[in-house]
Amino acid sequence: MKRRLLVGLYLVAGLVALAILAFLPGGARAQFDVLAEFELHPIIKLPSIGPVDLSINKAVIYLWITTAVLAVCAFIISRNIKPVPSRFQFVMETLYELARRSIVGAVMKSDQASWFPYIAGAFFFVLVSNLIGLVPLPFAENHQFGFYAATANLYATLALALCTFVFTHYAGIRKHGLVGYVNGWVPSSAPPVLRQLMLLIHAISEVFRLVSLSVRLFANMLAGHSILAVFFAMALIFQNYLAAVVLQAGSIIIYLFEIFIACIQAFIFAILSAVYIGGALDQEE
Amino acid sequence: MDAESAKLLAAGISMGVGSLGPAIGLGMLISKALESIARQPEVSGEIRTDMFIGIGVTEAVALYAFVIALILIFVA
Amino acid sequence: MLNPEWGLFVWTLITFGLSVFILWKFAFGPLQRVIDERRARIQESMDAAEQTRAEAQSLLEEYKETLAQARGEAEAILERSRSAGEAAKAEIIAQSRAQAERMLGRAHEQIERETRAALQELKAQVAELTLLATEKVAARSLSEADQRRLIDEALADLDLDQLRAE
Numbered sequence: 000m001k002r003r004l005l006v007g008l009y010l011v012a013g014l015v016a017l018a019i020l021a022f023l024p025g026g027a028r029a030q031f032d033v034l035a036e037f038e039l040h041p042i043i044k045l046p047s048i049g050p051v052d053l054s055i056n057k058a059v060i061y062l063w064i065t066t067a068v069l070a071v072c073a074f075i076i077s078r079n080i081k082p083v084p085s086r087f088q089f090v091m092e093t094l095y096e097l098a099r100r101s102i103v104g105a106v107m108k109s110d111q112a113s114w115f116p117y118i119a120g121a122f123f124f125v126l127v128s129n130l131i132g133l134v135p136l137p138f139a140e141n142h143q144f145g146f147y148a149a150t151a152n153l154y155a156t157l158a159l160a161l162c163t164f165v166f167t168h169y170a171g172i173r174k175h176g177l178v179g180y181v182n183g184w185v186p187s188s189a190p191p192v193l194r195q196l197m198l199l200i201h202a203i204s205e206v207f208r209l210v211s212l213s214v215r216l217f218a219n220m221l222a223g224h225s226i227l228a229v230f231f232a233m234a235l236i237f238q239n240y241l242a243a244v245v246l247q248a249g250s251i252i253i254y255l256f257e258i259f260i261a262c263i264q265a266f267i268f269a270i271l272s273a274v275y276i277g278g279a280l281d282q283e284e
Numbered sequence: 000m001d002a003e004s005a006k007l008l009a010a011g012i013s014m015g016v017g018s019l020g021p022a023i024g025l026g027m028l029i030s031k032a033l034e035s036i037a038r039q040p041e042v043s044g045e046i047r048t049d050m051f052i053g054i055g056v057t058e059a060v061a062l063y064a065f066v067i068a069l070i071l072i073f074v075a
Numbered sequence: 000m001l002n003p004e005w006g007l008f009v010w011t012l013i014t015f016g017l018s019v020f021i022l023w024k025f026a027f028g029p030l031q032r033v034i035d036e037r038r039a040r041i042q043e044s045m046d047a048a049e050q051t052r053a054e055a056q057s058l059l060e061e062y063k064e065t066l067a068q069a070r071g072e073a074e075a076i077l078e079r080s081r082s083a084g085e086a087a088k089a090e091i092i093a094q095s096r097a098q099a100e101r102m103l104g105r106a107h108e109q110i111e112r113e114t115r116a117a118l119q120e121l122k123a124q125v126a127e128l129t130l131l132a133t134e135k136v137a138a139r140s141l142s143e144a145d146q147r148r149l150i151d152e153a154l155a156d157l158d159l160d161q162l163r164a165e
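Protein chains in written order, with numbering that gives the first Met the number 0: chain A, 0 to 284; chain B, 0 to 75; chain C, 0 to 165.
It is worth saying that the hints were derived from the structure and are not from the lab.
Hints should not be assumed to be uniformly reliable.
Residues from chain A shown here face chain B by an in silico Cβ test under 8 Å; the list is partial [stated by the list, open to error]: (1) 105; (2) 106; (3) 109; (4) 209; (5) 211; (6) 214; (7) 215; (8) 218; (9) 219; (10) 222; (11) 266; (12) 270; (13) 271; (14) 274.
Lysine to aspartate or glutamate pairs mimicking EDC-like chemistry, simulated, CA-CA at most 16 Å apart [as the list claims (entries may be wrong)]: (15) 31(B) <-> 49(B); (16) 174(A) <-> 281(A); (17) 135(C) <-> 145(C); (18) 81(A) <-> 92(A); (19) 81(A) <-> 36(C); (20) 31(B) <-> 45(B); (21) 81(A) <-> 35(C); (22) 108(A) <-> 49(B); (23) 135(C) <-> 152(C); (24) 108(A) <-> 45(B); (25) 135(C) <-> 156(C); (26) 174(A) <-> 110(A).
Now the stretches of chain A that chain C is said to cover, found in silico as 3 or more residues with beta-carbon under 8 Å [unchecked claim]: (27) 71-85; (28) 121-132; (29) 143-155; (30) 246-253.
Here a beta-carbon is modelled for each residue, glycine too, at the ideal position from N, C-alpha and C.
For reference, chain A alone in the conformation it holds in the complex (with noise of 0.2 Å):
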């Protein structure tokens, strides 16, 4: 009984606090632009060779802050690794039996061993790389903090699938030879003329993948990361102290989402490398 009325009086608290939130005017007119948060400015100029700008931007910062803290995490494995793991090692030891069972061990049939370092590899840097774009680090407009992801960007996961795609057609190709693996993308028992056009169909779906894969993890981080910084700007455009309250609460549900999100991209780029290197490797006859 008592408690019951201790929970009535926090709900009335809080709904007053709520409507003296409402009527009170908003704070500072402050410009917030979504987008331009996404856009890249050389922080350190460097020369550029051609098309190709080698200036540090934040993006590239992103990608080196990822290549430290997987560089960190195998130095400490590598340095203090003990039959009894210390909790940093449980963690490091789960992700790379993930890695082993539930992606490659799962989907690739043969040459696991050869092709694991890759697909694991991969799943690392892209799971880091979400993740640290959920970490605010001070390299928004005048060292704000704010949030950015190396893989918001399509060049970075063009990149990345780039990888997969090479390395795809690299393995079938010194597994089957170039003719016996293009040969090995269409049922021999075809006709002639609709294997050529099965032929071209498949290199363009090959092509296809190069793009779903990079545009996948591109258009997934650039929509959370998105998401929520509309629910930043929204605060910012109702001039409103409630609405700032359920937005920035909105935007909590948002964030851990938005982690769940980083994960299960970064197994997706994985097991779809494993699952397209799988199949150049066995090839359906």
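Based on these hints, arrange chains B and C on the given structure of chain A.
Just chains B and C now, kept in the frame of chain A:
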């Protein structure tokens, strides 16, 4: 209607219509996967892996719409 | 956002390649090794436990067998000693009975012999006494009363106690 507003409208429509199909597809995909897991819990690991592959492929369709919307807004 | 960013493309290739290389060279090897080691160790300890269990089982069976054997042996020994005891008892009883009979027989014989000797002596003494009494009677002529008295005196002189003592 000027060209700018037409672009924005087209972007909105492309995102909205483009996410209809993948939404239905994802619903069917995941419901079937869950059904299979409930029927055969012993192969749940394999089903889950295949389900994620399917989610990745299906979701890509919605993301194409998203990219088209972005292109409409910023590039076209 | 969709502008070509070939610099970023190149940087991604560099950092990605570096990351995969670092992970491959420094992390995956030790992780695989420690996982394999742990698996081997668990397998080993499970095997060892299984072996220990089997050993304990066989040991237990051995003990049971030995115990059963010992019990059987103890029973046999008990049985044997019991029968030996019975036999010894019977023998002792028989021996003692025989000895008692022998002793009894000897005693009977002796009693008979002594009785016979005593009777012999008694007879001799009675004859002697009779002779003495007759001599005395012959020496004096006596009245019948005197004769009676003299015989009584002679008989009273007869020391029967002496006979009993012997």
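Results of checking the hints against the structure:
no., hint, verdict
1, 105, "holds (5 Å)"
2, 106, "holds (7 Å)"
3, 109, "violated (17 Å)"
4, 209, "violated (12 Å)"
5, 211, "holds (4 Å)"
6, 214, "holds (6 Å)"
7, 215, "holds (5 Å)"
8, 218, "holds (4 Å)"
9, 219, "holds (7 Å)"
10, 222, "holds (6 Å)"
11, 266, "holds (6 Å)"
12, 270, "holds (6 Å)"
13, 271, "holds (6 Å)"
14, 274, "holds (6 Å)"
15, 31(B) <-> 49(B), "holds (12 Å)"
16, 174(A) <-> 281(A), "holds (9 Å)"
17, 135(C) <-> 145(C), "holds (11 Å)"
18, 81(A) <-> 92(A), "holds (11 Å)"
19, 81(A) <-> 36(C), "holds (10 Å)"
20, 31(B) <-> 45(B), "holds (14 Å)"
21, 81(A) <-> 35(C), "holds (12 Å)"
22, 108(A) <-> 49(B), "holds (15 Å)"
23, 135(C) <-> 152(C), "holds (12 Å)"
24, 108(A) <-> 45(B), "holds (13 Å)"
25, 135(C) <-> 156(C), "holds (14 Å)"
26, 174(A) <-> 110(A), "holds (10 Å)"
27, 71-85, "holds (count 9)"
28, 121-132, "holds (count 3)"
29, 143-155, "holds (count 5)"
30, 246-253, "violated (count 0)"
Hints 3, 4, 30 from the list above are not met by this structure, while the remaining hints are.
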